[in-house]
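2 protein chains.
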Amino acid sequence: MRAILSTLLVSVSVVSNAAEPLPSWNNTESKSAIIEFVEKVTEEGSPEFVPPAERIATFDNDGTLWSEQPMYFQLLFALDRVKQLAPQHPDWKTKEPFASVLKGDIKSVAASGKQGLMELIAATHAGLTIGEFDQVVKEWTSTARHPKTGMLYTEMVYQPMLELLDYLRANDFKTFIVSGGGIEFMRPWVEQTYGIPPEQVVGSSLKMKYEVRDGTPVLVKLAEVDLIDDKEGKPVGIQSHIGRRPIFAAGNSDGDFQMLEWTTSGDGPRFGLIIHHTDAEREWAYDHDSHIGRLARALDEAPQRGWTVVDMKQDWARVYPSR
Amino acid sequence: MRAILSTLLVSVSVVSNAAEPLPSWNNTESKSAIIEFVEKVTEEGSPEFVPPAERIATFDNDGTLWSEQPMYFQLLFALDRVKQLAPQHPDWKTKEPFASVLKGDIKSVAASGKQGLMELIAATHAGLTIGEFDQVVKEWTSTARHPKTGMLYTEMVYQPMLELLDYLRANDFKTFIVSGGGIEFMRPWVEQTYGIPPEQVVGSSLKMKYEVRDGTPVLVKLAEVDLIDDKEGKPVGIQSHIGRRPIFAAGNSDGDFQMLEWTTSGDGPRFGLIIHHTDAEREWAYDHDSHIGRLARALDEAPQRGWTVVDMKQDWARVYPSR
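Chains A and B supply the protein sequences, listed in that same order. My numbering applies: residue 1 is where the first sequence begins, and numbers increase by one. My numbering applies: residue 1 is where the second sequence begins, and numbers increase by one.
Only chain A is shown next, with the shape it has when bound in the complex (with noise of 0.2 Å):
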């Protein structure tokens, strides 16, 4: 009897959503683009119907689904980190990247890229249980508060892309995070955020080593790089987890790019979705010359290759959901 009732209510919420899905979206051609995909992919005798089991959707993170300004929030997380952890390393006041870190020259930083990142990661993960590396995580989001928003970061998530999540799940599609952040980073709040189960985040990863300690399992990062989910890593990421091609993959930058093209080069319907960061008001406006989130084939080549660009300034009547 639960499981009726509980069905119901789920019935429900899909003839609401199916009333006036994506609220926050403006009615223009993205709106309607994504719509009429998931309309005829569920359509049952439709020769474009696609069994619910095969409707997998990714979604990249940093800049999809949450900002990704004035740097990688994970990245600021490892600065935090390495600050906290300096008293116990003296050399880092003297070794590259950590020492432009406790200087506070954020440029130098940001300008190790994602490498420089993995470099942060690793050595400031490194030794921590999946355990205590969690709490760890869950502190940070719980009390962080962004540089210039003042706001928690997990506030800054974009209100149109959980309603993109939430109408995709009411059609059926399972939804994953295929993201170039820290799997172990980002699993702690997702599942309350995005309503996303950490069984369907890929991620970048460190190694892991299982031991028993006076009797207690753990599982302890290690200081070595397993998987760099970006660029061509993303399908061997999405391959790796997933285990079949997605119909659908959002991002919004070129390490998005083969994730996009490994997606919507398979047969059948599919659909790519491009998050092009037009609103320097309400969030960031950058693309080509950015050193965080650089946009510039996967837009050039978007129209040829039929993927659909969201200008956030025109297609997004709200971007956070406080705001």
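For the record, the hints were derived by calculation from the structure and aren't laboratory data. You may find that some hints are simply not true.
To spell it out: a stretch of chain B is covered by chain A in this simulated footprint if at least three of its residues, at any positions, have a beta carbon under 8 Å from a beta carbon of chain A; those stretches are [claimed, not checked]:
hint, stretch
1, 184-198
2, 213-227
3, 236-246
4, 255-265
Heads up, the beta-carbon is just placed ideally off N, CA and C, and yes, glycines get one too.
Starting from the known structure of chain A, arrange chain B on it as the hints suggest.
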């Protein structure tokens, strides 16, 4: 409306399962222990209630969901591949473990263990795309027959375990395979056979490379091991893919020891299940001294660790679906 109807169907199957779950299990302690566990973690308001999202159950494959004698079925598959590919590799005539394969000296091949299996797999699968490999596996599983039973390998799955998977899922568990076998060797057939989708399969893996060949993107399997998902590798594979600790784990050999240890040392209600192969007549009988599926430490420590040991001969009314 469709959603309501399909849930009514699900509810009906829950009810009918609840009336007589696990029909191919004899009414012994193993069956009672499973049912008691499932009932207590699903009873709302009970102090041992576990929310559906945390009802993660992991199953080893070889020897736990299907047979593994006289050697791992994937090894038999690899042997067939070696014979198929031998004309293109004249050096295999003198190079181990290939030479033993081609001479039909299966004992030497089997003695090379999982390491030998990985070498055979790397050598025979490298260079294939994921799509090509999927086809090769599907062709093999639909035609190759077991040397002793003459059955298709996918017919040699355990009926009681199929019922256990169904029973857990009917109680909102999410079921995963966590196997030492190759992840891409299992994905082509486990969805149809076990009802487990490819994204819920964890296994040993080769590294992959994404590339665009003549305009077509492909993922190519490389001859380099990524993860050996066995022993200490199982908790690592679980964390990497699932990101939470299971509350239920089933295995049959010492290769599953760490998975059961990791699973059952968490807080709250936990269940560890070991399949003990005791039925030489209907299947095989082996434990401490077997070179395939050796079960020694896990069997010896099961009582003190509270793990339920299934005695195949006593506890199962039926072994395979067809007999």
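Hint check against the structure, violated hint numbers in rising order: Of the numbered hints, all hold.
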